[in-house]
Amino acid sequence: MHSADLIVIGAGPAGMSAARRAAGSGLSVLLLDEQPTPGGQIYRDVDRASKTRGAILGSDFTDGRALTRGLAHENITHLRGAVVWQIEEATRVNFTRNGKAELAEGRRILLATGALERPMPVPGWTLPGVMTAGAAQIMLKQSDIACERAVLVGSGPLLYLVATQMVRAGVPPLALVETQTKADLARSLRHLGGALRGWPYLLKGLRMLWELRRAGITRHVGASDIAVEGDRNASGVTFRVGGIGHRIACDTVLLHHGVVPNTQAARSIDIPHRWDDAQGCFAPECDEWGRTAVSTVFIAGDGAGIGGARAAALAGEISALEIARDLGRMTEEERDAEARPLRSGLGAERAARPFIDSAYPPYPGALAPADDTIVCRCEEVTAGDIRRTAGLGCLGPNQAKAFVRAGMGPCQGRYCGLSVTRILSDMNGIPPDATGYYRIRPPLKPVTLGEIAALAEHETVEVGK
Amino acid sequence: MKPDSPFREIDPETDRVTVRFGSSELSLPRGENLAGALLVAGVMPFRHTPLSGAPRGPFCMMGACYDCLVEIDGINRQACMLQVTEGLQIERPSINRAIKGAGNA
Ligand SMILES: Cc1cc2nc3c(=O)[nH]c(=O)nc-3n(C[C@H](O)[C@H](O)[C@H](O)COP(=O)(O)OP(=O)(O)OC[C@H]3O[C@@H](n4cnc5c(N)ncnc54)[C@H](O)[C@@H]3O)c2cc1C
Ligand code: FES
Numbered sequence: 001m002h003s004a005d006l007i008v009i010g011a012g013p014a015g016m017s018a019a020r021r022a023a024g025s026g027l028s029v030l031l032l033d034e035q036p037t038p039g040g041q042i043y044r045d046v047d048r049a050s051k052t053r054g055a056i057l058g059s060d061f062t063d064g065r066a067l068t069r070g071l072a073h074e075n076i077t078h079l080r081g082a083v084v085w086q087i088e089e090a091t092r093v094n095f096t097r098n099g100k101a102e103l104a105e106g107r108r109i110l111l112a113t114g115a116l117e118r119p120m121p122v123p124g125w126t127l128p129g130v131m132t133a134g135a136a137q138i139m140l141k142q143s144d145i146a147c148e149r150a151v152l153v154g155s156g157p158l159l160y161l162v163a164t165q166m167v168r169a170g171v172p173p174l175a176l177v178e179t180q181t182k183a184d185l186a187r188s189l190r191h192l193g194g195a196l197r198g199w200p201y202l203l204k205g206l207r208m209l210w211e212l213r214r215a216g217i218t219r220h221v222g223a224s225d226i227a228v229e230g231d232r233n234a235s236g237v238t239f240r241v242g243g244i245g246h247r248i249a250c251d252t253v254l255l256h257h258g259v260v261p262n263t264q265a266a267r268s269i270d271i272p273h274r275w276d277d278a279q280g281c282f283a284p285e286c287d288e289w290g291r292t293a294v295s296t297v298f299i300a301g302d303g304a305g306i307g308g309a310r311a312a313a314l315a316g317e318i319s320a321l322e323i324a325r326d327l328g329r330m331t332e333e334e335r336d337a338e339a340r341p342l343r344s345g346l347g348a349e350r351a352a353r354p355f356i357d358s359a360y361p362p363y364p365g366a367l368a369p370a371d372d373t374i375v376c377r378c379e380e381v382t383a384g385d386i387r388r389t390a391g392l393g394c395l396g397p398n399q400a401k402a403f404v405r406a407g408m409g410p411c412q413g414r415y416c417g418l419s420v421t422r423i424l425s426d427m428n429g430i431p432p433d434a435t436g437y438y439r440i441r442p443p444l445k446p447v448t449l450g451e452i453a454a455l456a457e458h459e460t461v462e463v464g465k
Numbered sequence: 466m467k468p469d470s471p472f473r474e475i476d477p478e479t480d481r482v483t484v485r486f487g488s489s490e491l492s493l494p495r496g497e498n499l500a501g502a503l504l505v506a507g508v509m510p511f512r513h514t515p516l517s518g519a520p521r522g523p524f525c526m527m528g529a530c531y532d533c534l535v536e537i538d539g540i541n542r543q544a545c546m547l548q549v550t551e552g553l554q555i556e557r558p559s560i561n562r563a564i565k566g567a568g569n570a
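Sequence order for the protein chains is A and B.
When we follow this note's numbering, the leftmost residue of the first sequence carries the number 1, and every step to the right adds one.
When we follow this note's numbering, the leftmost residue of the second sequence carries the number 466, and every step to the right adds one.
It is possible that some hints are incorrect.
What the hints assert, rightly or not - Derived, one-sided and incomplete: chain B residues facing chain A with beta-carbon distance under 10 Å: (1) G487; (2) F524; (3) Y531; (4) D532.
As the list claims (entries may be wrong) - Computed beta-carbon distance windows for the label pairs: (5) G193/A <-> H513/B: 24 to 30 Å; (6) P341/A <-> S517/B: 38 to 44 Å; (7) S517/B <-> G170/A: 52 to 58 Å; (8) S488/B <-> I244/A: 45 to 51 Å; (9) S517/B <-> D63/A: 42 to 48 Å; (10) R481/B <-> R69/A: 29 to 35 Å.
These are calculated hints, taken from the structure and not from any lab test.
Built from N, CA and C at the ideal position, the CB exists for glycine as well.
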């Protein structure tokens, strides 16, 4: 068994910066991530990226090396390829590594499991050749792989970022089909004050748009009635703009309309969540240090609410400070003094968020999908199936699950949970908070009996000192 | 396999190993992401759904959707979470086992 003062789950910006700060305060840290290299989603595989790849992905990507370098600290043990599948008694973490289950005990646990792309159920989204925009970016970051003849569909800064990265890679997308409207932009202008405080993000956005324009990429803005065509594979996208129908023939369709907190681990230990109307998702309830209702468990980064990579790194450090105080490594005064500049940085990072969230809202057509659109990819349950369960008296996702198996597949509702909550909430006229979400039970990821059998032969390993 | 895959390695890796996918032999870049390497090699779909038999391929590339499941040594695994190693023997998951994941019944 491993043991440490602090177990950090997730080696993205939040987890890496928390690990470093905690280690610097004298805590022993065990950092677990299922990926073979540190970086999380934004800095995926940053240490292996070649010069050309670094140029394609930009300095926002290569900046992540400062964080991965920080992991070289004597108090930090980073286990790569460690898939966490269960948290017990708020202090023990079960994970699988190299086909064997292992156990770790920590006095405190920090969940830094990041975000998932918001489910975007549109007709045809289960066809081979349809992926998320983030998936295309992961292939570019990790393996130098580009998607040819691709159409990017949806909304938000990440859609533009992936488009510019594809342009720089020499494999530009055929077009962008964007779902935000002029009315969204007009509404977002009341947040312009905050956005100006977060001006670097605005500038970045404008630069990306300019880069796309210079590359001659067509942008269809205000698109609705989006559907992916294809028989065995995606072969085209259809949509309407201003009442006019369009069709673009293509080989890959990359969907994206924002990211939402990955709440699976937090939910599995019954940490309470609340609905965030501005971001259209659930977020765990945490105090200003990231502490949850389970007092030994903290959450930092996009898993606690979407704020982006820099905000995630700052939040990770803030949680680490309170954990260090909690374990007697610093006084309250020291903690507050060190947290002060981090908090002001966090405020600046979050300033542009309300503007971005309202200028690039989720695609309405995917929040209320047509009856015959599949919502639960694993069990092939349609929006109409879910609506019918509301007619049968189902108020929440767990009841609907019992009727139609939505959320029963291996993804455990990661790509249908929010859709099901939203559909039931709309049908029953009950707010999302009261409608609730799937009950998540371990294992968070499938684990085999063979892997668990290996646990019996564990030995005790002390991490750090 | 199909040479007309829409997925392309920008800077093809020269260090390659041989793996089997079903009845075909593929030469894949050592150490790279298995799902990505299979896509470049023209493998599609990866699996069929147990319910309707619909074809599926990688969707999220981050271990969340399970649409990239393949069978290796009798166990269903997420190809996007694996690296290419010499001599892998990969099969399409047999339909009735696909959804049960790796023994998570
Ligand atoms: C696909 C994708 C691409 C993105 N690309 C960008 C981008 O280019 N630029 C940008 O500004 N923002 C991007 N984002 C937004 C991103 O969420 C944040 O910018 C940033 O990565 C958040 O940092 P984090 O530390 O909170 O989480 P992440 O960086 O997401 O890190 C979470 C880590 O937790 C690990 N993890 C999760 N569950 C488990 C488990 N059960 N067991 C073990 N490990 C686990 C994951 O492997 C991951 O490495 C992207 C988001 C997604 C989903
Ligand atoms: S592509 Fe989603 S789990 Fe592998």
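Hint check results:
no.: 1; hint: G487; result: violated, 16 Å
no.: 2; hint: F524; result: holds, 5 Å
no.: 3; hint: Y531; result: holds, 4 Å
no.: 4; hint: D532; result: holds, 7 Å
no.: 5; hint: G193/A <-> H513/B: 24 to 30 Å; result: violated, 53 Å
no.: 6; hint: P341/A <-> S517/B: 38 to 44 Å; result: violated, 55 Å
no.: 7; hint: S517/B <-> G170/A: 52 to 58 Å; result: violated, 38 Å
no.: 8; hint: S488/B <-> I244/A: 45 to 51 Å; result: holds, 47 Å
no.: 9; hint: S517/B <-> D63/A: 42 to 48 Å; result: holds, 45 Å
no.: 10; hint: R481/B <-> R69/A: 29 to 35 Å; result: holds, 31 Å
Of the numbered hints listed earlier, those contradicted by the structure are 1, 5, 6, 7.
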